[in-house]
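So the protein sequences, as listed, match chains A and B.
Take the first sequence: its letter number 32 is residue 32 in the UniProt record's numbering, and every next letter is one higher.
Take the second sequence: its letter number 14 is residue 14 in the UniProt record's numbering, and every next letter is one higher.
Note that these hints are calculated values from the structure, not bench results.
Check before you lean on any hint, since a few could be wrong.
Since copy identity is lost for identical chains, a pair holds within one copy or between any two.
What the hints assert, rightly or not - 20 Å max Cα-Cα, derived DMTMM-like pairs, lysine to aspartate or glutamate: (1) K266 <-> D375; (2) K125 <-> E391; (3) K325 <-> E174; (4) K285 <-> D221; (5) K409 <-> E445; (6) K325 <-> E371; (7) K266 <-> D376; (8) K266 <-> E319.
Protein chains: 2
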Amino acid sequence: MIVCKFGGTSVASAEQIKKVASIVESNPARKIVVVSAPGKRTPDDIKVTDLLIDLADAALMDGAVTEKLAAVMARYRAIAEGLHLGEEICQIIQADLEERLQADASNVELYVDAIKASGEDNNAKLIAAYFTSIGMPARYVSPREGLIVNELPERTYALPEAYTQLAALAKTDEIIVFPGFFGYSASGVLRTFDRGGSDITGSILSAAVRADMYENFTDVDCVFSANPKVVNCPVEIKEITYREMRELSYAGFSVFHDEALMPVFKVGVPVNIKNTNNPSAAGTKIVSKRATTGRPVTGISADSGFSILYVSKYLMNREVGFGRKLLQILEDENISYEHTPSGLDDISVIMRSTQLSDEIEARILRRVKEELYADDVEFRHGFSMIVIVGEGMRHNTGLAARAASAISKTGANIEMINQGSSEVSLVFGVMQKYENQILQALYAEFFATVTA
Amino acid sequence: MIVCKFGGTSVASAEQIKKVASIVESNPARKIVVVSAPGKRTPDDIKVTDLLIDLADAALMDGAVTEKLAAVMARYRAIAEGLHLGEEICQIIQADLEERLQADASNVELYVDAIKASGEDNNAKLIAAYFTSIGMPARYVSPREGLIVNELPERTYALPEAYTQLAALAKTDEIIVFPGFFGYSASGVLRTFDRGGSDITGSILSAAVRADMYENFTDVDCVFSANPKVVNCPVEIKEITYREMRELSYAGFSVFHDEALMPVFKVGVPVNIKNTNNPSAAGTKIVSKRATTGRPVTGISADSGFSILYVSKYLMNREVGFGRKLLQILEDENISYEHTPSGLDDISVIMRSTQLSDEIEARILRRVKEELYADDVEFRHGFSMIVIVGEGMRHNTGLAARAASAISKTGANIEMINQGSSEVSLVFGVMQKYENQILQALYAEFFATVTA
Chain A
1 MIVCKFGGTS
11 VASAEQIKKV
21 ASIVESNPAR
31 KIVVVSAPGK
41 RTPDDIKVTD
51 LLIDLADAAL
61 MDGAVTEKLA
71 AVMARYRAIA
81 EGLHLGEEIC
91 QIIQADLEER
101 LQADASNVEL
111 YVDAIKASGE
121 DNNAKLIAAY
131 FTSIGMPARY
141 VSPREGLIVN
151 ELPERTYALP
161 EAYTQLAALA
171 KTDEIIVFPG
181 FFGYSASGVL
191 RTFDRGGSDI
201 TGSILSAAVR
211 ADMYENFTDV
221 DCVFSANPKV
231 VNCPVEIKEI
241 TYREMRELSY
251 AGFSVFHDEA
261 LMPVFKVGVP
271 VNIKNTNNPS
281 AAGTKIVSKR
291 ATTGRPVTGI
301 SADSGFSILY
311 VSKYLMNREV
321 GFGRKLLQIL
331 EDENISYEHT
341 PSGLDDISVI
351 MRSTQLSDEI
361 EARILRRVKE
371 ELYADDVEFR
381 HGFSMIVIVG
391 EGMRHNTGLA
401 ARAASAISKT
411 GANIEMINQG
421 SSEVSLVFGV
431 MQKYENQILQ
441 ALYAEFFATV
451 TA
Chain B
1 MIVCKFGGTS
11 VASAEQIKKV
21 ASIVESNPAR
31 KIVVVSAPGK
41 RTPDDIKVTD
51 LLIDLADAAL
61 MDGAVTEKLA
71 AVMARYRAIA
81 EGLHLGEEIC
91 QIIQADLEER
101 LQADASNVEL
111 YVDAIKASGE
121 DNNAKLIAAY
131 FTSIGMPARY
141 VSPREGLIVN
151 ELPERTYALP
161 EAYTQLAALA
171 KTDEIIVFPG
181 FFGYSASGVL
191 RTFDRGGSDI
201 TGSILSAAVR
211 ADMYENFTDV
221 DCVFSANPKV
231 VNCPVEIKEI
241 TYREMRELSY
251 AGFSVFHDEA
261 LMPVFKVGVP
271 VNIKNTNNPS
281 AAGTKIVSKR
291 ATTGRPVTGI
301 SADSGFSILY
311 VSKYLMNREV
321 GFGRKLLQIL
331 EDENISYEHT
341 PSGLDDISVI
351 MRSTQLSDEI
361 EARILRRVKE
371 ELYADDVEFR
381 HGFSMIVIVG
391 EGMRHNTGLA
401 ARAASAISKT
411 GANIEMINQG
421 SSEVSLVFGV
431 MQKYENQILQ
441 ALYAEFFATV
451 TA
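Here chain A stands alone, though its shape is the one from the complex:
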């Protein structure tokens, strides 16, 4: 059995949904279909989810929702008409939206969530109706039937019993159309997953039914070995391990949300990233173990927007608990960090700059000085992290040298190097302005065909 998930652009219009039907029909193993809300049809278009957020805001502000509701319905109506579905499904969707708008708004976040999630929910109903109308027996299944998530206030995740209950879907004869992005808590509260939420739903279902494959349909042919906006025509990745995919998830690899990998990774269901608009392309497979290629490096990613907290204190390494206390101060500010390279008397904590503000920085600096008696402490901003990833790096002795050498030839200074004992990744910290140049240099070093 295959679970397939179609992203927003894949279900943005009648034309796109026809492609989806034809993909699902072409392989009888494709029994569970997870769908997003209709996305953008053109780069300037507005996603249904954004229209729904507008609608919810209007409802909360002054109750004048008619126009906003009409905008949402216009999208569904256009799709329904294009699929020759008639008025009935539109009435179901309109009634559903009106009911959500009337709901209790005492918890604003939950109220908005319920309206947002209608995008996926109603699109699933519409697509199930369409499949049935063209002779592909299909059934809309609500996340109420098993996708049980935790209660507030922690961020949403599926409970273990969700997997047990959803396993029953494996026995279906009809095609199941399941909305992505949300589940229900045991007390009946609709809760949405964070960004990339439909990918997570597909992953949970794939794990629950122990699918042979989780096909993730999007609008690109594959995952590239480097960001194609920076590197010209990068090599396509045919196979990549879960671990490599995770390490690359910094940036330029946002095609598949890394949190969504967890459920399938745990039970070993392979993922296939495919293109709705070019379904015959093999795509990129994410697997536990992959065949070796000639290259030690699978991909290179880069991301900007990092800050470094630098702390030095004489005889720091003699002080049991120094690092722990420093990290505790960051934890008190709810700051997560990426790496903590250190010398004997200094430690640098690398974190995303978005987590900082002048006020937060001042608080941290004061605490580090007053509580840890540091000699020096300061924040430095404007760094990029470049990550080189590959299972083949583990036994490749000259790789760090090649990478460092390629970087130094650009004239950039290496501010930080971090290589853990896992050796699947090698991280370089550099000044932001060198990021693209270095990505190009590293790509040339590890991927470009040698020309004599």
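Mind docking chain B on chain A? Use the hints.
Same frame as chain A, but now just chain B:
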């Protein structure tokens, strides 16, 4: 004013003490002399400190101390005779030792400490008597006169008031001979410093009197840029910053105890490592800022006996507090660590293996699994850390590449790289068996004269 400290081999015999006198006499600025207990005269000799430990053990076991006491006295007597000092000083020393042996032994550690410390204390009395006898007016000063240390049970350190009180010594006309290695708490308890203790006493006195220079006399001409037991005729270091010295203190650089640097570092008194047996050699100066040399690297040190705790957990980097909790578990076992390189989903904690045992490892592994829900956790042993140090590394773009390249040419795999944002050091983790080979390769890369 110069504070000079003479180590155990520099005061091991009458002949050596004559050299000390001649060194002190040759520069009238040398007003404070810190001395160790008599050390080894030949490689097979026994240090007085070890004879004293034997004596203390005998006293604690059965009280039969006559023979052990005679062995200690024989050393002093030989020195006194060689210096033509007569019997009086020997009687003073014998009486002092007998008094210490009669002391309350209810706290065994303090009892042993007091007997051990007599080695420095009595040697200072003897040397002061000798200086005076040859027309160099000198006065023995007891650490009771100002070297106030903290009370039990924390490890010994000098209290701030020690510096205030000892500052008075700056006004001396005579040469002051001060025993290294110990101080007294406010309640009158004699407490010894950890290893390298006489270096610490010299450093405290230098800081207290704001000396122009702290001369540390030992039995080597200088600090070498690499361990001369591994690298053939390494370059001598003429000047090195406090920070470089600290970063190099892993191994092969044990000539000056790194904790002893702290007091002089704080007030900026330069240190000069010199050789008692070759006082005209310039030695190595440890300073705040040094003149630049042609080389980016000042020294390379290496040390074996490291273990790595490897922990992996899917989505670790999303979990605020993971690293802190992991370090807390190590702290609960009172384990200090060197570095914590990390990937997105894994973290390695590098620590000295001597801190571990099967039992401790099992406890840590269990807690990391049960409390942090780690996917994988294991200890790996048999690693060496190679540290390349130099203030000039900061702005040298190709250095990491050169180092990694030199290592990879030995065929060794780089298990870990750690470069903090301070950029004064670059640390490589490698398998122990490659340590010497890599040290030689790195030395050749950064120090050897280029031969075409």
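How the hints compare with the structure:
no.	hint	verdict
1	K266 <-> D375	between (45 Å within a copy, 10 Å between copies)
2	K125 <-> E391	neither (42 Å within a copy, 66 Å between copies)
3	K325 <-> E174	neither (56 Å within a copy, 48 Å between copies)
4	K285 <-> D221	within (11 Å within a copy, 63 Å between copies)
5	K409 <-> E445	both (11 Å within a copy, 18 Å between copies)
6	K325 <-> E371	both (9 Å within a copy, 19 Å between copies)
7	K266 <-> D376	between (43 Å within a copy, 13 Å between copies)
8	K266 <-> E319	between (38 Å within a copy, 18 Å between copies)
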